[in-house]
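Chemist: Protein chains in written order, with the working numbering: chain A, 6 to 792; chain B, 31 to 191; chain C, 1417 to 1678.
Calculated from the structure, these hints are not laboratory results. Keep in mind that a hint or two might mislead.
As the list claims (entries may be wrong) - Stretches of chain B that chain C covers, calculated by requiring three or more beta carbons in the stretch to come under 8 Å of a beta carbon on chain C: (1) 38-51; (2) 66-76; (3) 91-98; (4) 139-147.
Ideal Cβ placement from N, Cα and C applies to all residues, glycine included.
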Amino acid sequence: MPKDHGIGASQKRREDVRFLTGAGQYTDDINVHGQAYVCFLRSDVAHGRINKVDTAEAEAMPGVVRIFTGADFEGVGGLPCGWQVTDRFGQPMKEPAHPVLARGKVRHVGDPIAAVVADSLEEARNAAEAIVLDIEELPAAVNMKAALEAGAPRVHDDLSDNLCYDWGFVEDNRDAVDAAIKAAAHVTTLELVNQRLVANPMEPRVAVGDFNRATGDSTLYTTSQNPHVIRLLMGAFVLGIPEHKLRVVAPDVGGGFGSKIFHYAEEAFCTFAAKAINRPVKWTSSRAEAFLSDAQGRDHVTKIELALDKDNNFTAIRTSTLANMGAYLSTFASSVPTWLHGTLMAGNYKTPLIYVNVKAVFTNTVPVDAYRGAGRPEATFQLERVIDKAARELGVDPIALRRQNFITQFPYATPVAVEYDTGNYVATMDRLEEIADLSGFAARRKASEAKGMLRGLGVNCYIEACGIAPSNLVGQLGARAGLYDAATVRVNATGSISVMVGAHSHGQGHETVFPQVIAEMLGIDESMVEIVHGDSSKIPFGMGTYGSRSLAVCGSAMVRATEKIINKSKKIAAHMMEAAEADIELKDGKFSVAGTDKSVAWGDVTLAAYVPHNYPLEDIEPGLEETAFYDPSNFTYPSGAYACEVEVDPGTGKVTIEKFAAVDDFGNVVNPMIVEGQVHGGIGQGIGQALLENCVYDENGQLLSASFMDYAMPRASDVPFYQVDHSCATPCTHNPLGVKGCGEAGAIGSPPSVVNAVIDALQSGGHNVTHIDMPVSPHRVWQAMNG
Amino acid sequence: MVDVTMKVNGKTVTKSVKGNMLMTEFLREELRLTGTHVGCDTSQCGACVIHVNGNAVKACTMFAGECAGAEVTTIEGMANKDGSLNVIQQAFQDHHGLQCGFCTPGMVMSASALLKENPKPSEAEIRHYLEGNICRCTGYHNIVKAILAASGQDVSAIAAE
Amino acid sequence: MYSFDFVRPATLDEAVAALAGEEAQALGGGQTLIPTLKQRLASPATLVSLGGIAALKGVSSSGGTLTVGGGTTHGTVAAEAASVYPALAKLAGNIGDPAVRNRGTIGGSLANNDPSACYPSAVLASNATVVTNTREIAADDYFQGLFTTALEPGEIITAVKFPVPQKAAYIKFEQPASRFALVGVFVAKGADGVRVAVTGASEGGVFRWSEAEAALSSNFSAGALDGLSASADGLINDLHGSAAYRAHLIGVLTKRAVAAAG
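Work the whole structure out from these sequences, hints included.
Modeler: What follows is the structure in structure tokens.
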């Protein structure tokens, strides 16, 4: 019987009921009495000098409350970057100003120039159209390679060029890696593009700013994955509002995938403007605006070299990457191609020498930042593609080549600064071969060929690093924030529990999963536990949800706080039963004295804590509420092995995913149903990247894929049922739950297997194709087949 | 301004609205039925699907004036009379067919229209029918599974819990 | 959206009168026009909804001709034309998605004449007649280039008359994002020969592939097209496919359409 309670149970999600009945409350569902609406006038050129913004005519239009321009924000800070990368010469990255509204220049299509606040959105739009702009268009830096050439248009006039940083990792390995590659028996080289993507959570961003004249408090309702981070960044760096005067609320949030981590100009604007006009201000992004203002993802151009000795052991890896930052540094942009990418380059393999070079480049495009996986999909894709290419060059089985080079001893210190605590890559691959029925592939290929289709099989492994930590280490690496999390467990007098968590749930099911942990620890029913999240006024502190960290980091804080609750309640129980504290046992929601039949119920103890008539007042305080901060000692390292089978239509080049199997090692799993759902979603996005999605700018910096009419989102008919398995669990050794994180795995692990499968299919059809850049669209496949 | 009278979730409403008012605005702002969501402006995402005279339509691509005299059902009108989840809603919960919940109202409305037309759809028919409903969270696996289950078909052979 | 007046006449005469007003525009199912209005790319003073005119709706057939009312939705055509003209019903049943098909109309699609829309290929390949409130227009005269038709301002498509061919099929290769036709080919074998209409591919909108028509008229089989390739001149070149790729697809899809037509 599968468990129906506590850790390991596939409990149905309690939050579903409100979402299924239309009762969820998303930010756009919030209207504050008397609110005005803002329309941002955005640049329609990628690069230009602002000579004049004439608002005179627009100000006189019906319904206009006030029009703001860059000048209104002179005394206000810019949007900060949360991670300072140090380049390979020891110098800090270049960090240009990022104003709330453009000043002097516009730097990408969509850069906000002015903001019209009016009684209605229609009036705001009407007035925005009446603003007269005098913008002198400048040549744009769009292509990264061209942007680094001498004489290229400079995105920021105060910088000497468009290079944000030139990062080497591990710089001390540089020469040794060069030497190893020179000495290798075989070197496989692959040049590839990890294309730019748009996260496109289905809920576009929304911000509602409110100001209370009586108290001087500001409130921001926003679509955020991490309301406290927004409060910190916006309050401390942009608007100068102390934490106790600023409340940030992120209610139900319709997906994030990274794009709702960052602090955006529109949030600062609405908070600022609400105070300036003494009226609530609401902004709702259209999808069209989202394409021009949400931070985008990926956009790496990479050359990777894999060196092997005569026995096909990996001896060195050298990579060289151009990473697009876009026009400004978004909140965590600088960390993605460096610490979230370079540290992953060992993958699942014992390669002794690795050197990663990344040049981050400013261009006249929308800023780029973390998108599901953030750096790790880029690392995995290049590594798993180059291994596949090496196997083909050497004429060996790609799975055998991987197996031969697997790390098998744990803990394992990689040459890229991280130490994997646990894993079992052989077992995950064994399991994959079984569930994906790899031995039956040859027969399936024959059947496809009989229909005139080419069939291919692609396999890859991946390693993830979740719950990025500890804070003192990431501080040394340049992070400007701590990466702990916090939880407060408030036990109420009647025994029900409110848990205030710093993690934010926007699809992950925390409201269901976190109570399962507490229920297991206390032996009470989940229904007695409620999770409170998303409101900085209700939760002591928190760092939010990203990087597959919620359960590993915030869940651990919750465990620690619950342990404190258990300790205190045992003291109370011991007093009530006149027994020694050491003899008290907590089981099934009951405290008993070991070896006796004496017991008190959970509710008796919690009531005593609040009605302390019979209570050890001399030893402990009344009440039952505990807070814990948890700062992990290491990352967690989920890993897995994925297999994809495709059919390629040789007539049209269209690729169809026929089978997809994923074996993941997430350590312990609290709710298998939810974990599998996370993997499904990640695979869906990974298939989207592999086959469909592409964010494309023309040479003038105009976004060509600026709506769902041109940006191909995966639909139900683009994907199959997935086989997923997480039975090969090696629990994390350093957090109390032994959990690793599962949110990004699917997106990291799936693109290489899809592309490997397409290459396999084409080669089986006699086409000498060694690589196709993503998305592997029908057009690209056809081009590859036809030389 | 246009005067419109229609029946929404069984209740007759009459409003005088601007000529350019879309059904999404009418439902969300005039009636405060915020379960109908807006996820795009090109009529593709399907987060706004409602039923007008029994047919699934995109509320973002229809004016309130076009619904004069119509019977409109939104996600708020889908639960059973006693307030419990209906068969489709329950199947979505049972099979984890939603994550962030934003596309969910549209998915449920489309699924309901599908099952009315085709009570026992195949997997391929379900996937085809959902062409105009984009979900970014689930990879569609559990949505398709939930709809199969809601139609009374056996889903035990489909991988996962 | 800019503001405008909205009227919903119940008869064709009222609609014609309303459309005679200054800057009045007809609204069919709105599945293209409404997104356009949202982008503020159109600013009518009055929007005249044709959705309330019962006379524009419905599918009927007699004497080998299928007549589809101009206000008939794709969903209705998919359901009601299936027994008489299955290729047309199948085409209608694959336009957009179910919710779009419940609103979008044949008249709206043809009046807009999007170069990637499906219906124009059916009308052209079937040698259909576009009937308006003032006249009848032969398909070959109706389509006049990208978003351009023979319609006069204020003219309303009341019906489309399709001579039902002996054999026909439509194959659409979808643009992966919009799911419009990257290339769509409609092949129809009628009493007067074979017509092949191609949508999605050309900068000039839907067109007939005359070389294929000639080859198929003497031998209606996929093999008759061997060695024949469409010219890439004037074809659309965009981020979803080059002109050469579209030309290639025209050849592949035409063969598949012939095979499907049987």
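Chemist: If a hint holds in the structure, say so; if it doesn't, say that too.
Modeler: Each hint tested on the structure:
no.: 1; hint: 38-51; in the structure: holds (count 3)
no.: 2; hint: 66-76; in the structure: holds (count 5)
no.: 3; hint: 91-98; in the structure: holds (count 6)
no.: 4; hint: 139-147; in the structure: holds (count 3)
When the structure is compared with the earlier hints, no violation turns up for any of them.
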